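Participant: This is what each chain is made of:
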Amino acid sequence: MALCIGVMGSDNQPLLIKISPSIQNPIDYHYMLYSALDIVEEKSQISQKTAGLNISGAEHRDLYLGLLYPSSDEVKIYAYCTNTKVKMILIVDATNTALKETDIRNTVKRLHLAYSNMIMNPFYEVGSPIGAKSFHNFVESIIAQ
Amino acid sequence: MADTFSGPSFLYHLLANELSVVLFNELDKTSDGYAPLPSLKARKHARNNPPEVEKLDESMKRLNVTPDVVLSKLEGMGYQVGLRLIERLLKDHQRFKDELEIMKYICTDLWKYIYDKQIDTLRTNNHGTYVFTDNTFKPLTFFSVEGVDQYYAAAARFITFPCGIIRGALSALGIRSAVSAKATTVTACVFEVIVERS
Numbered sequence: 001m002a003l004c005i006g007v008m009g010s011d012n013q014p015l016l017i018k019i020s021p022s023i024q025n026p027i028d029y030h031y032m033l034y035s036a037l038d039i040v041e042e043k044s045q046i047s048q049k050t051a052g053l054n055i056s057g058a059e060h061r062d063l064y065l066g067l068l069y070p071s072s073d074e075v076k077i078y079a080y081c082t083n084t085k086v087k088m089i090l091i092v093d094a095t096n097t098a099l100k101e102t103d104i105r106n107t108v109k110r111l112h113l114a115y116s117n118m119i120m121n122p123f124y125e126v127g128s129p130i131g132a133k134s135f136h137n138f139v140e141s142i143i144a145q
Numbered sequence: 001m002a003d004t005f006s007g008p009s010f011l012y013h014l015l016a017n018e019l020s021v022v023l024f025n026e027l028d029k030t031s032d033g034y035a036p037l038p039s040l041k042a043r044k045h046a047r048n049n050p051p052e053v054e055k056l057d058e059s060m061k062r063l064n065v066t067p068d069v070v071l072s073k074l075e076g077m078g079y080q081v082g083l084r085l086i087e088r089l090l091k092d093h094q095r096f097k098d099e100l101e102i103m104k105y106i107c108t109d110l111w112k113y114i115y116d117k118q119i120d121t122l123r124t125n126n127h128g129t130y131v132f133t134d135n136t137f138k139p140l141t142f143f144s145v146e147g148v149d150q151y152y153a154a155a156a157r158f159i160t161f162p163c164g165i166i167r168g169a170l171s172a173l174g175i176r177s178a179v180s181a182k183a184t185t186v187t188a189c190v191f192e193v194i195v196e197r198s
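Here the protein sequences line up with chains A and B, keeping their order.
Read in order, the letters of the first sequence are residues 1 to 145 in UniProt numbering.
Read in order, the letters of the second sequence are residues 1 to 198 in UniProt numbering.
Bound conformation, chain B alone (with noise of 0.2 angstroms):
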């Protein structure tokens, strides 16, 4: 795959996220986790001296990983932040009817929390399958790329957060589902929910 990012690779994020955890762990547990904060010298210096970045194809090279496995962590990313979210967004609102409720609560209110516009349809077989179509996807609307194979290609990096946060968030309302999302046309996307019947 000709994956080039120039500049900070979205790779290095990962990396420096399960340094930070990894980091924490040794943090006295009792705490709330959180660390002091560096002194303005230690920011100044580091904000002077940026790490050394390397590119993303390099990086996945020497760890071994493939894009599936950068796309899978992207997904559990999106699920965390869902699960979260959704616990402070729900926390004035009234107890949820059924399950087309929740999904309109998440096309409509949540879209507007992160992305500050709503679902433009909704549609479902009423037998546990959704259908989200977005027709100006805000993360697809801020990058330029060469010709339209390499704008799907890229698409795939942008759309598997959201589906986690999807995910996330009706995990937390009790509802186990599969998220899949795809680029249909420029600027547009798809997401489909299929709600797992035990």
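With the rest of the complex left out, here is chain A (with noise of 0.2 angstroms):
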């Protein structure tokens, strides 16, 4: 389904990124992952502005901030941005057009649902990367669904 997603921190650090083994080039999703942090940034601190005004503001309040931009054809970046500031990005590829938006937001939401489970583990330092298996694997089977 997801071509690479990407877990990061609160101060943006990487705590976890996976890539399709299928891609030939990983490393021009690691700067895709980058550069959509700033955009994520810019969203969720123009939805608090928007917020306090109250234009539009259960939208912006959302922690859902759906699709950062018009990319290229070739992949769409979607992005949410949880209280603590954790973002998790997921790059789907655009020309699988048998993908809905609701099927991201309803992924995205069960990623955060498993890293709040992950976190739970006393054993885990919150903001260094992702050890745990399980998370590791659960993050696998939506790359590859």
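Because the hints were derived from the structure by calculation, they are not lab data.
Values in this document were obtained by computation on a predicted structure and should not be read as measured data.
A few of these clues could be false.
[To be verified] Distance condition first, Cα-Cα at most 20 angstroms in a straight line; then the derived SDA-like pairs of lysine to any residue:
1) K85(A) <-> L89(B)
2) K91(B) <-> N121(A)
3) K91(B) <-> Q80(B)
4) K85(A) <-> R88(B)
5) K182(B) <-> V145(B)
6) K85(A) <-> G174(B)
[Said to hold, decoys possible] Which bits of chain A does chain B cover? Going by a derived footprint, with three or more residues having C-beta under 8 angstroms, they are:
7) 83 to 96
8) 102 to 116
9) 120 to 130
C-beta atoms are modelled at their ideal positions from N, C-alpha and C, and glycine is treated no differently.
Now that you have both chains on their own, put them together as the hints suggest.
Facilitator: Structural data, given as structure tokens:
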């Protein structure tokens, strides 16, 4: 389903980056992930401002940020930013027309649920790279879907 | 300090916790860190032969720790709990507008989740100081002591952990703060949160 999934911590440090094994040039995807972070930052800040002014507040206060920008013809980048400033970025193939927006929203919600379950492990240090096998498997299953 | 706990002392639990961290580090790092459950026989044996527990005073003397060390350790444990708990509680919550909204959330929803009641009053000077007052703070309603002096001495141990929870929850939401608490009258507790501005 997804070509690449990135989970970034509150200080934009990478917690987990998984790229589909079918990709020839993984460096490009790293580049896309990091450039997407700037837009996530901008979007979540704008949404805070508009929420204060009460301009279409309900929509902007959603944790799901949606399609980040109309990028290239090849990929689409979706983002989700939790209340604790953990960013989840999904890069999907733009040519796959069967993929619905609601699917993406559900997937990224499930990813957040898996993250919040994983963080309950007292031996995991919050903000460090994720080593939990179950979380890795979950992310891999989304990519392979 | 005349602290005597008959029965399992809480320091013992802290030490057991430390020990388990060491043990888990020995396990395979790539696994989730869950140890296999001990067998039924082993559990039965452990239940019938409980470990010898020292009194708090004795173990503190032996390990050369002061009450301050224990309190700061408890606070640190609360911090870890707050940090993780808030992630789960805010899973379906919309983004916060400002600091005050976060404080309101802690006073209502977080407190309700932990203690089954809300904080009674929230006051602020609008310059980064918030004061939460809980008139019947749950952890302070369950123990009996002789005399008021002993009550206040004992209360300090019960309110450092919640302080850590508040600090951890705020830190997860991007607010650096210092939290202190004081038992004012019997069963009442006042938390003072001072936000650090950079």
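Participant: Taking the hints in turn, state whether each one holds.
Facilitator: Results of checking the hints against the structure:
Pair hint K85(A) plus L89(B) holds up; C-alpha atoms about 14 angstroms apart against a cutoff of 20 angstroms. Between the alpha carbons of K91(B) and N121(A) the distance comes to roughly 17 angstroms, so the proposed pair stays at or under 20 angstroms and holds. As the CA atoms of K91(B) and Q80(B) are separated by approximately 18 angstroms, the hinted pair is consistent with the 20 angstroms bound. The hinted pair formed by K85(A) and R88(B) meets the criterion: a straight-line CA distance of about 13 angstroms does not exceed 20 angstroms.
Proximity of K182(B) to V145(B) is assessed by CA-CA distance (about 18 angstroms); at most 20 angstroms being required, the pair is judged to hold. Our distance criterion of 20 angstroms between C-alpha atoms is met by K85(A) and G174(B), whose separation comes to about 8 angstroms. For the segment 83 to 96 of chain A, the stated coverage by chain B holds: 4 residues have a C-beta nearer than 8 angstroms to a C-beta of that chain, and at least 3 were required. Three residues within the 8 angstroms Cβ limit are the bar, and the segment 102 to 116 of chain A against chain B gives 4, so the coverage statement holds.
Proximity of the segment 120 to 130 of chain A to chain B, defined as three or more residues with a beta carbon under 8 angstroms from a beta carbon of that chain, is established by the 6 residues found.
This entry satisfies every hint, going by the numbered hints stated previously.
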